[in-house]
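Engineer: Going down the list, the sequences are from chains A and B. Numbered as in our numbering, the first sequence ends at 569 without a single skipped number. Numbered as in our numbering, the second sequence ends at 569 without a single skipped number.
Just so you know, these hints were derived from the structure itself, not from any lab. By construction, the Cβ of each residue, glycine as well, lies at the ideal position given by its N, Cα and C atoms. Among the hints, erroneous ones may be present.
Said to hold, decoys possible - A few chain B residues that face chain A, going by a derived Cβ cut-off under 7 Å, partial list only:
1) L94
2) T100
3) R104
4) A109
5) V113
6) A118
7) S180
8) E183
9) G296
10) E300
Said to hold, decoys possible - If the Cβ cut is set under 8 Å, some of the chain A residues that face chain B in the computed set are:
11) L94
12) R99
13) Q116
14) L117
15) A121
16) P264
17) A295
18) L298
19) G312
20) P347
21) E348
22) D454
23) D527
Number of protein chains: 2
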Amino acid sequence: MSTYERTLADFRALDRKIRNYHEAQAILAWDLRTGAPRKGMDARSEVLGQLAGEAFKLSTSAEMGELLQALEQKEAQAGLGEIDLKLVHEVRRQYDRSVKIPAKLYEEAVVLISQSESAWEVARGNNDFASFEPFLDKVIGYTNQFIDLWGPKATRYDTLIDDYEPDMSVAELDSIFSSLRDELVPLSSAIADSPNKPSREFLNQLFDKGAQKDFSLFMLGQMGYDFEAGRLDETAHPFATGINLGDVRITTRYLADDVTSALFGTIHEGGHALYEQNVSPELAGTSLCGGTSMGIHESQSRFWENTIGRSRPFWHRYFGDLQSRFPGQLNISPEEFYRSQNTVQPSLIRIEADELTYNLHIIIRYEIEKMIFNEGAKASDLPAIWNDKYREYLGITPPDNAQGVMQDVHWSAGLFGYFPSYSLGNMYAAQMADTMEDQLPEMWELVARGELTPIKSWLTDRVHKYGKLKTPKEIIVGATGKPLDPSYLVKYLRAKYTDIYKL
Amino acid sequence: MSTYERTLADFRALDRKIRNYHEAQAILAWDLRTGAPRKGMDARSEVLGQLAGEAFKLSTSAEMGELLQALEQKEAQAGLGEIDLKLVHEVRRQYDRSVKIPAKLYEEAVVLISQSESAWEVARGNNDFASFEPFLDKVIGYTNQFIDLWGPKATRYDTLIDDYEPDMSVAELDSIFSSLRDELVPLSSAIADSPNKPSREFLNQLFDKGAQKDFSLFMLGQMGYDFEAGRLDETAHPFATGINLGDVRITTRYLADDVTSALFGTIHEGGHALYEQNVSPELAGTSLCGGTSMGIHESQSRFWENTIGRSRPFWHRYFGDLQSRFPGQLNISPEEFYRSQNTVQPSLIRIEADELTYNLHIIIRYEIEKMIFNEGAKASDLPAIWNDKYREYLGITPPDNAQGVMQDVHWSAGLFGYFPSYSLGNMYAAQMADTMEDQLPEMWELVARGELTPIKSWLTDRVHKYGKLKTPKEIIVGATGKPLDPSYLVKYLRAKYTDIYKL
């Protein structure tokens with residue numbers, strides 16, 4: 067074994083060791099959300115903190131710094147294969163970010179965020195923004211300290227964006243989101259004025275949760291979700307978690323009075339899970355095993371949930387399967403059902419929004435986050451800013467802060483810069499669907515026949531298998547031949563809703 | 067803070083850190099058994115290995131050795147409270163055992179055991195002892211190396227016993243088990259010859275699993291199991307696991323064709339769980355938080371399962387609750403049902419044995435383990451020895467090794483010295499019940515009224531709350547005023563079965 071081979075082996079072992087801590091954390095976190103007993107949670111938080119601390123220590127260790135430096139020498143680089151080159155690059159990216167944060171500051175932030183999330187939960191329950199405000203200000207303060215340590219990019223907010231969507235910039239998002247906003251606001255108004263609204267009255271019934279679960283499991287199977295490498299559980303908020311390449315779990319929530327809420331939750335999380343289950347096995351157990359960015363991750367969940375799951379061919383194919391699980395309850399046509407699942411209606415809550423107005427919810431959050439980090443807006447300013455923007459973009463005013471500025475957990479947890487991913491996902495998905503229609507000309511006939519495997523394979527070949535081997539930009543260009551272009555999403559939404567609402 | 071206070075704080079923090087790793091391992095192990103996806107299991111084993119390795123490293127670290135030594139100085143000892151004195155003592159006991167095992171040998175053994183368990187599972191499925199034999203020989207070989215490192219006690223097998231039942235010896239077990247065997251073999255024969263056998267035919271039905279689960283949950287509530295500090299799940303083999311003081315989980319297995327298998331599994335594991343849930347909160351998060359020995363632990367599970375759960379007053383009280391969950395299926399009297407749950411029948415499989423012949427299964431394993439470590443019996447000798455002893459003690463011959471020598475996982479996992487705990491548990495339980503009848507004269511009326519709380523409290527006050535503050539000997543003497551005496555179990559079994567079988 068040459069020196070570089072020895073160094074490489076040490077580097078891979080250390081990377082693996084860090085990943086193993088993350089895997090243990092992922093299981094513990096999954097457990098906390100799927101029914102861990104209340105009285106054991108405090109002790110569990112301490113264990114999670116310990117594991118996170120060990121992983122952070124190894125990630126920023128002198129040993130890691132030396133291994134990276136050694137493998138970045140010209141001679142070493144010449145000897146590394148593509149995967150190892152990318153692995154060194156990815157670990158360097160994470161190392162440079164983490165090593166700038168003093169361990170003490172990191173631990174303080176972890177504690178603060180844990181308190182802030184609890185404070186948010188209570189404050190939202192009591193509709194009491196004042197009690198949450200000091201925590202939010204502190205979280206913003208820590209985030210600003212992190213920006214200073216990481217080093218501001220073109221703008222301070224760019225530094226945060228970069229964590230979730232590498233190489234994306236505020237300048238690019240400004241351009242993308244402003245064109246999106248300028249198209250979607252009038253389209254949303256036109257829809258609101260249309261007399262041709264889908265009927266949803268027949269949905270006002272109670273639907274057996276067991277039958278809903280059965281249909282969710284059936285649909286995961288149709289999508290090609292591997293049940294030997296995952297499981298479906300029930301939680302208050304649906305999520306997907308990639309624990310390792312052979313263990314990618316999803317959760318959903320069954321509502322008796324909503325026949326598709328759990329289903330779309332399942333399909334959405336199933337889309338995330340297909341990404342994580344189908345990363346190339348060569349990357350298993352390394353820091354390259356996972357989605358390349360939050361935006362690309364969301365493209366996979368939203369592609370399945372909306373592009374496929376809310377399409378006409380999908381419901382013409384699968385409505386019978388749904389109907390048969392609720393005998394006598396859904397005596398309507400597949401077409402009527404399809405229309406009912408595509409109602410556009412400006413609303414207060416992001417996670418309940420339709421696929422069109424959803425993007426306006428995101429743009430509002432993006433603009434506010436920019437104001438916080440680039441213009442110095444404070445926690446106390448946010449309720450008013452929030453409500454103004456909801457009036458302007460969605461034409462509605464939140465009746466209280468619980469349904470307004472406090473509705474999402476993200477800010478309490480310091481997840482600033484994350485929201486744009488959701489709309490980026492929609493845009494990536496629309497652009498990929500456009501290319502898929504060209505490359506799989508029979509795509510919609512396949513959906514109409516319930517043959518979803520070629521669709522999954524298309525995504526695996528162009529997105530999933532690469533894990534973090536490619537950047538988000540490389541993925542979208544590789545899959546569609548072009549960089550991200552928001553016009554595909556606009557074109558898709560315009561065509562779909564012009565048809566449904568007969569605009 | 068004085069020097070000793072500083073040292074004590076460091077010691078407690080290190081002990082806590084080790085416990086936190088064990089807690090993470092416990093969750094991961096629980097997860098593996100409650101539905102973790104098959105394809106993720108290999109990666110998970112690596113994570114478990116890493117966590118075990120870190121805990122082992124800390125447990126045997128120079129730092130731990132120095133802290134122990136400092137706290138064992140006369141001056142330090144004088145300043146320590148009772149809990150800290152015991153904690154130092156307990157950690158020293160574990161340290162002395164672990165530090166003698168070289169890390170490399172420990173890791174090899176961990177890997178071997180993982181392979182050996184898999185080989186056992188396959189071999190048992192194929193009834194192919196030959197394929198398991200080399201693994202079993204290796205496990206015995208490693209165990210012998212461990213005995214050499216730990217240092218043999220009165221006999222080599224004593225060294226293994228000591229790990230599960232501190233201060234118990236082969237000499238004492240020989241005396242206990244031989245008197246037990248001499249009493250139980252003829253009693254079992256007399257029962258076999260009795261014409262007055264309980265009827266079990268009405269049990270040959272299918273019983274809804276949902277209703278079984280409902281009754282299991284009900285009974286846990288009756289026992290005083292704290293559902294905010296635990297949960298009930300389903301696994302192939304029932305178990306209880308104390309993750310932390312506020313998180314003590316149990317599992318059971320529902321069989322459609324057996325109305326009480328899941329119930330007794332639940333009550334048994336519930337007995338273990340009551341122990342772990344009711345350790346004094348002062349001991350939370352320390353190495354003293356847990357059962358003092360496997361034998362005392364088994365006394366708690368068997369007390370609830372057999373002494374209470376298979377008693378006449380219990381079924382006179384609870385049969386109606388069972389009956390009402392299976393309308394029209396159990397049209398018999400409580401007395402008939404009570405008798406049906408106390409059938410004695412020599413059988414092949416330990417875990418399915420009745421409470422009388424169960425002890426003979428244990429004695430067989432005990433005698434064989436002694437032959438392995440004190441007389442050099444080899445894996446290849448075991449099938450014949452096993453079958454001979456089953457003929458002699460139980461009057462039946464296993465038709466194959468899957469139902470004979472390969473039925474239990476323990477030996478494949480290197481758990482030699484563990485089996486005696488099960489019968490010790492039966493004996494401790496019988497002795498405690500005898501004292502409880504004196505101290506709670508209305509004990510059986512309480513059971514007949516379904517008031518189980520005073521019984522749980524009696525056990526908490528004399529057993530549970532102490533955790534590892536007392537040795538097994540101190541627990542049994544403290545609870546009953548006498549050291550372990552097998553005659554209580556014999557007296558109990560003789561009285562119970564003389565009545566049922568009208569001997």
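Engineer: Indicate, hint by hint, whether the structure satisfies it.
Structural biologist: Each hint, compared with the structure:
1. L94: holds, 6 Å
2. T100: T100 of chain B check fails; min Cβ-Cβ to chain A is 10 Å, beyond 7 Å.
3. R104: With a minimum Cβ separation of about 5 Å from chain A (threshold 7 Å), the hint on R104 of chain B holds.
4. A109: Holds. Min distance 4 Å.
5. V113: holds, 5 Å
6. A118: violated, 11 Å
7. S180: violated, 16 Å
8. E183: violated, 19 Å
9. G296: holds, 5 Å
10. E300: This interface hint is violated because 13 Å lies over the 7 Å limit.
11. L94: Holds: closest Cβ of chain B sits about 6 Å from L94 of chain A, inside 8 Å.
12. R99: violated, 13 Å
13. Q116: holds, 5 Å
14. L117: Result: holds, 6 Å to nearest chain B Cβ.
15. A121: With Cβ-Cβ at 11 Å, over 8 Å, it is violated.
16. P264: violated, 38 Å
17. A295: holds, 4 Å
18. L298: violated, 10 Å
19. G312: holds, 3 Å
20. P347: violated, 11 Å
21. E348: Result: violated, 14 Å to nearest chain B Cβ.
22. D454: Hint on D454 of chain A: violated, closest Cβ of chain B at ~44 Å, above 8 Å.
23. D527: Not OK, violated: D527 of chain A not within 8 Å of chain B, min 21 Å.
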